[in-house]
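Visitor: This is what each chain is made of:
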Amino acid sequence: MTTDILRVDGLSTRFFTEQGQVNAVSDLDLRIERGEVFGIVGESGSGKSVTARSVIDLIESPGRITDGEIWFNDDGLAEAVADDHPEAVDGSFVNLLEVPERVRRSLRGTSFSMIFQDPESSFNPSLTVGEQIAEAVEVQRRASANPRSTRAKTREYSLGSLVLSTVLPSRKYVSEASRERAIELLELVGIPDPVERADEYPHEYSGGMLQRAMIAQALAGEPDVLVADEPTTALDVTIQAQVLDLLDDLQEETGMTILLITHNLGVVARMCDRVGVMYAGEIVERGTLEDVFDDHVHPYTEGLLGSIPDLEGPTARRAADDRAEKPRGGGRLEPIPGNVPSLLDREMGDRCYFADRCPKAMEDCLSHPPEYDGAGSEEHEVRCVLATREYTEARALPTDYFGKADRAAADKHADPDGTETDVQPERAESTVEGTGGERR
Amino acid sequence: MISDRVASNLKAEFRRNLLPKIGLVVLTAILLMALFAPVLATHNPNTTGYFDDGTSYPPMGTTAESYEVVDGERQSIEVEPSSEHLLGTNNVGQDVFSRLLYGARTSLLVGTLGTGIAVIMGVPFGLISGYFGGRIDDAMMRVADVMLAFPSLVLALALVGVFGSMTVSIPDPFVAAGLAEGMPSSTPLPGTVTLVVGLVTWVWFARVARGEAMAIRNEEYVTAARSLGASDATILFKHVLPNSLTPVIVLATIQVASVILLESSLSFLGFSGTTLSWGYEIQQGQEYLRQNWWISTIPGVGIVLAVISINLLGDWLRDSLDPNIEGEGGGAA
Amino acid sequence: MEGADNLNAGRRSVLKAAGIIGTTTGLGAIAGCLDDPNEGEGTEEIVITQGEIIENPDPNDHITGPYFNVLDPVYEPLFNVTPEFEFEPRVVEDWEDTDDGAELTLRDDVVFHNGDEMTAEDVAYTFNRMIDPEVGIESDQAAGLGSIDNAEAVDDTTVLLEHEVAPSLAEYEYANYGRVVNQAWIEEREQPVAGDSADAFNGTGPYEVVEYEPDVQVVLEPFDDYWGEETTLERVVFNADGESSGRANALETGESDIVDNIIPEDVPGIDDADGVEIREETSLRNVFLVMKSGVEPFDSTEFRRAMNYAVDNEGIISNALGGYGAPMSQPIPEGVFGYNPDLDPYQQDVEQAEQLVEESGYAGAEITLYSPEGRYLNDADVAQMAADQIDQLENVSCEFNTAPFPDISDANSAGYDDEEMPFFLIGWGVITGDSDYGLAPFFTEDAALETLRNQEISEMILESQTIEDESEREQQLQEINAQLREEAPWVFLHSQDSVYGVREDLEWEPRTDESIYLWEIN
Amino acid sequence: MAFGKFLLKRSLQGILVVWGVVTVLFGLRAITPGDPVNLIVDPAVDLETRERIRQELGLDEPIYVQYGDYLGDLLVGDLGYSYQSSRPVATMVIERVPATLELAIAATIVALVIAIPLGVISGTRRNEPADYGATSFSLVGISTPNFWLGIMLILLLAVEFNIFPTGRRPVAFHDALWTFLTTFYVGDLLTWLHHIALPAVTLGTYFTALITRLTRSGMLDEYGKPYVTATEAKGIPETLIRYKHVLRNTMIPIITVLGLQLGTLIGGAVVTETVFSWPGLGLRLITAINNLDWPLIQGIIVFVGISYVIINIGVDAIYATLNPRVLDE
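Residue numbers (this note's numbering), protein chains in the order written: chain Y, 83 to 522; chain Z, 153 to 485; chain H, 4 to 525; chain L, 5 to 333.
No wet-lab data here; the hints were simulated from the structure. Note that the structure is a prediction, hence the values are computed from the model and not measured. Even for Gly, the Cβ is constructed at its ideal location relative to N, Cα and C. Some clues are possibly wrong.
Which stretches of chain Z does chain L cover? Using the computed rule of at least three CB atoms under 8 Å from a CB of chain L, they are [unchecked claim]: (1) 309-319; (2) 425-439; (3) 455-462.
Listed next, the in silico SDA-like pairs over lysine to any residue satisfying Cα-Cα at most 25 Å (straight line) [to be verified]: (4) K13(L) <-> Y283(Y); (5) K9(L) <-> T99(Y); (6) K173(Z) <-> R279(Y); (7) K173(Z) <-> D135(L); (8) K13(L) <-> R146(Y); (9) K254(Y) <-> D135(L); (10) K229(L) <-> E472(Y); (11) K442(Y) <-> Y247(L); (12) K13(L) <-> S208(Y); (13) K229(L) <-> G458(Y); (14) K9(L) <-> G458(Y); (15) K9(L) <-> N169(Z); (16) K13(L) <-> M293(Z); (17) K163(Z) <-> T99(Y); (18) K229(L) <-> N169(Z); (19) K229(L) <-> Y473(Y); (20) K163(Z) <-> D225(L); (21) K9(L) <-> I141(Y); (22) K229(L) <-> I141(Y); (23) K9(L) <-> L241(Y); (24) K163(Z) <-> D139(Y); (25) K9(L) <-> G318(L); (26) K13(L) <-> D289(Z); (27) K229(L) <-> S143(Y); (28) K173(Z) <-> Y283(Y); (29) K229(L) <-> Y287(Y); (30) K229(L) <-> T470(Y); (31) K9(L) <-> E282(Y); (32) K229(L) <-> K442(Y); (33) K442(Y) <-> G458(Y); (34) K13(L) <-> M292(Z); (35) K9(L) <-> E100(Y); (36) K254(Y) <-> I256(L); (37) K229(L) <-> R146(Y); (38) K13(L) <-> M366(Z); (39) K229(L) <-> L241(Y).
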């Protein structure tokens, strides 16, 4: 029987920018089972990255988790925090949002680790790859050398030690053993000549190699949950397949849980056991792979499947929707018309957020829909009235219902450059940034 | 050169931040003071006035200590400010307030003209160097390296030594129009200093212009223009120059501040030739710090306010336009 | 004591003034003052802080007053000079005029610091070194020894100096400039003697140098084998500090015992401080505004006189100089041979000035006054006030600018009709003590610094140089000075005072020649 | 290997720059009006003597001959003789170097010790009072002319409260240090520290402000980069992220800026030395310019140029070590 490793209840993450409050993630529920690969799929700006980062506590100012619970299943942790924070413990589950930040931080690397979209910008350019992986190894080594209860404290490394380490090698954070382990990890992810490569800098690696190194780094902590945020997006198509293979193999070997974030349904189809489709900070449809691919209800899911550029590899291991097949044959995309929705609190209103782009928008869509059960497995849930009633022309909203005003508001929120408004921490940060960035 | 988007960026940054507003208000005030100095001044800034005991009036609201000789003995006396002299008088009895106004003229004139010279010299140099690249670029950049090897103040000092001070008298329109009775009929501009600050700062403009030219030279539309038979001069003038203006404008703003500091340093060291300068006034006052603290202090406040306000506006431009500039910036003093 | 007898009561010679063209009070020199807590306080040690000290150890290669102060205890003068400007025997025991020169008789017990005995050969060599371009160096002192043609050792203690001028003129020269050097020692070295350690000195004086840092510090200690009386001071330190306020501070904090060139602004602070005081003496250094008579509008005597009437010397002195100065009435300062005591300074008279400008035909003239900055006591302030007073005239407008001193110096020697910079402030010390040195360079035709072309005056000056009779010559010079007052080639400003800060319990009085002799300090 | 080649290339460029400096100076000298002999001798000295002096100094030679001679002498470290004092210029320059070096190093230490922590605090506590304080300080700092700052410090701390001396350098650091090492007498060192405090703060303020500003904005930029989030995700201690990763990367561009700003430091030293009567190269340069003592002016500027070039090569070397990508480009 499978057990949940992570349960997210009512998670809301908001960014408080100068333009206003951005509801990147609203009232989101999520359940991930130990050992499964759970996929979150959605357009840029749908809040999928923020969800992932919320889970491993990487939300930075001006973002904040404003509500919700994140229950992590870990006996040792539950035991360690039970005395101090009884309210945060429920059996072997611990509500991560109720424990001190220090404890949450102590989970990084060892309980959760993350693979980022762009390997080239996710490594520090001025340290060798080996050194950076060794740091991650060191985290794991120090953690396993200490009982759970004191782990949080051992995560400290004083400035004094750092200064001393410049003259005393014994005070260095990274030990020799960790460096050796880093080389093993590089070998594990299939990097040739790992000994030499460990001493090279990120710019000396190719993108694919670097993504492998990132995976090695993420594996260093032997995490319970690996969050992979668009792990292949920045890579060439051929390399993408290799990296996915690698992840697949590693998952099989270690049995670790993976939370996979992607906008690419092909990747989902190939990797995931269950999947959630995100739109405007909510999961609008979730279920097993079959539920979403075959029995999808939400027009957005349908739209997404229509915009799959390419389902590489043995994608068709499950029959995909007709519409998903079409573009492969036709070789052209069918993107969802309309703009990414504004996530500004004041502009969101109380309706189905997709209604303004939805080809099947009806009067019913003007109130915010709850999650309905969908056809297929019992996992299948969908946040769309179409789960309960058929689309009828009679109730359809006029095409210009949302008019120019609403659209304009969305445009205004959009980045002036016209690039995607993916409300990721960096971007939100840089919006407020404004006055920084002196360059002299 | 200033697109709508740039303009709206500028506006948005301005609206969002307090600092550029402060900068604009202060700089406008200083500009007005400088422009209308002859009208606003309460005294001719050159008029010396003296008292038998050599007393200087302190600024309003303060008193100063001085000495009086009674029967051959010095006795301490307290000097009250005079309502005639808002900010007191200096060691030769000139009105500090009026000199503050005229000093603003010198600073801003030298700041803008000097920067103008630097732009005129540096931008074409950098454009040509960056546009043609190769050996021309190498050679020209070595020249720039030589310029950079001279600390700007040191080079300025050497040049002032060579050229003397060459003050240029600029007739004062207010006096000519009869609007400012009794004010000096012309404002002396320290010619050498203006030239010299241009000569020592042009290289920063050359570097920026070069960077832009190198970036633009390979743009497709430039290649296209070239393939259509446009001459290098045309391309430089029509395509490369306009595109390099944004960073040049930002750098120029920042450089005005640094040129003002450089001018004040030169005046302070006694090389500017004119006495109507904040730096000169500070130097004169240095010997009088014990009794007449205000002579040095007040013009210094003028410099700091002017430079801060320009720097604030420079920061605003840079943040809004986000050019890639590395330069001397800030202050060369 | 023939030399002394030759001095008239009213004829006070200036032995040495500080610097040809004054001294730097501003940016020139540098700081450095001893406050070593190791050193015990006591009357045995004295610290003198000057605006500048030697930057070159050669005693024959400078003419700057503060340099003499440092070097005289080491390279002693041949003669003692009383504060009343009388010559007394020192290294020279006796001197006599001969038909074609003067014969000096030397002491026979003088030794150099390196142990060599001083001989007449050394003395003769010293003079020849300065006056003969073939021997030794181009000395700045050559100008002061202009009338001495040759020096020759007759025997071990006798030196014969050849000259063809009046004995008294020659005496001023050789009595002022003799600082004996050791011929053998000098000839081993590059000339002029350079170096930056105590080894670069070898005189016969009562003190020898124990530490030397050019431009910064010289430390002296008594020379054990000195022929004369034992010295009262066990250690003397000369420091340089270019800023008056720094010198004042050194005095007030007890780091220094005598400081020179205190500017008026620092006087009150010293007055207030305990245990120290101001001592002043008039100097013989003039400060004036040159008006080149070959350049419009200064070619008009009326205009030049108008300038003199426009300026309020006394006001400037009391305000810009804190009262430390005396108004000039003629081109040379009081105390110099040929000074005319009957002349009064121009009194400010704006109406008269304006009227003279009208008469000159240059009404509406626009002129610019240039001044160096930091070269003379508050020079730019003085000039700024003068310029403003001229500008106050209804019919003249005068601007004011500062200029680097080299520019002013170039203008000064550019001829009487040089248009570049015809109106500027400069100073002049009459270092020979004779009017001739203050007149000939400026007012004779084609002279080096000619500022006025006036044939009559030029001829009178040349004539005065040949007049043998003392009083006749004095009369002639006084007449020239009177005429020059009327010609007004310069705007006569003032002669500066020398202002010292001194420890109160120190027995020492400033001298008009600005010398500080250690043997006069108790 | 790449590193050695890199250094060699930069050194050759450096030599070219120094040659350029000398050439420009000679050009300036050639067009300078005025007769140097005027500045050497009594104005009353006759023409014949002047001509002789001109010959002795080689001033009668054509300028290109003088230029060639100068370059030749420069190669063997001979900078000629000062007009004013007849002393060898090389000596006059070298003897003033320690004072200026002391001042520059003290100012740099002041700047680094204050600015980096300030920049880090400001950069990590955005929009908190500490950040506003640091930002305001740095804005005022880069906008204040250091001569005025020096005078204000004198007014306040020397004249008004009498805590520090108004200037001067009574003892050289190396002498004070030697005294301390040989006799354990600490007084000289304290005296030195007492006297250098105000000048060092005066000269250092601009740099403190500049580095604070650069560190702050650099840290903010750097914190916005994805690798920081990635590094945080690894679970390594915050201290390590802040200093080993973020600050280190922030400092890389700052180092080059500081190299370029060295000229400002030297210019600032000239002014600071004037304000505090600090007997360094700057003060000597001012004197030399006032006297138009060309050999000395030239000597000082050539020396400064050479130092500048050498230091910048050093800076580039450090930069290359910290930022390995440079060598590959």
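Visitor: Could you run down the list of hints and mark each one as holding or not?
Guide: Results for each hint:
no.	hint	verdict
1	309-319	holds (count 7)
2	425-439	holds (count 5)
3	455-462	holds (count 4)
4	K13(L) <-> Y283(Y)	holds, 24 Å
5	K9(L) <-> T99(Y)	violated, 50 Å
6	K173(Z) <-> R279(Y)	violated, 53 Å
7	K173(Z) <-> D135(L)	holds, 20 Å
8	K13(L) <-> R146(Y)	violated, 52 Å
9	K254(Y) <-> D135(L)	violated, 30 Å
10	K229(L) <-> E472(Y)	violated, 47 Å
11	K442(Y) <-> Y247(L)	violated, 54 Å
12	K13(L) <-> S208(Y)	holds, 23 Å
13	K229(L) <-> G458(Y)	violated, 43 Å
14	K9(L) <-> G458(Y)	violated, 68 Å
15	K9(L) <-> N169(Z)	violated, 48 Å
16	K13(L) <-> M293(Z)	holds, 15 Å
17	K163(Z) <-> T99(Y)	holds, 18 Å
18	K229(L) <-> N169(Z)	holds, 24 Å
19	K229(L) <-> Y473(Y)	violated, 46 Å
20	K163(Z) <-> D225(L)	holds, 23 Å
21	K9(L) <-> I141(Y)	violated, 45 Å
22	K229(L) <-> I141(Y)	holds, 14 Å
23	K9(L) <-> L241(Y)	violated, 36 Å
24	K163(Z) <-> D139(Y)	violated, 36 Å
25	K9(L) <-> G318(L)	holds, 14 Å
26	K13(L) <-> D289(Z)	holds, 17 Å
27	K229(L) <-> S143(Y)	holds, 14 Å
28	K173(Z) <-> Y283(Y)	violated, 45 Å
29	K229(L) <-> Y287(Y)	holds, 19 Å
30	K229(L) <-> T470(Y)	violated, 45 Å
31	K9(L) <-> E282(Y)	holds, 20 Å
32	K229(L) <-> K442(Y)	violated, 41 Å
33	K442(Y) <-> G458(Y)	holds, 22 Å
34	K13(L) <-> M292(Z)	holds, 17 Å
35	K9(L) <-> E100(Y)	violated, 51 Å
36	K254(Y) <-> I256(L)	holds, 21 Å
37	K229(L) <-> R146(Y)	holds, 19 Å
38	K13(L) <-> M366(Z)	holds, 23 Å
39	K229(L) <-> L241(Y)	holds, 22 Å
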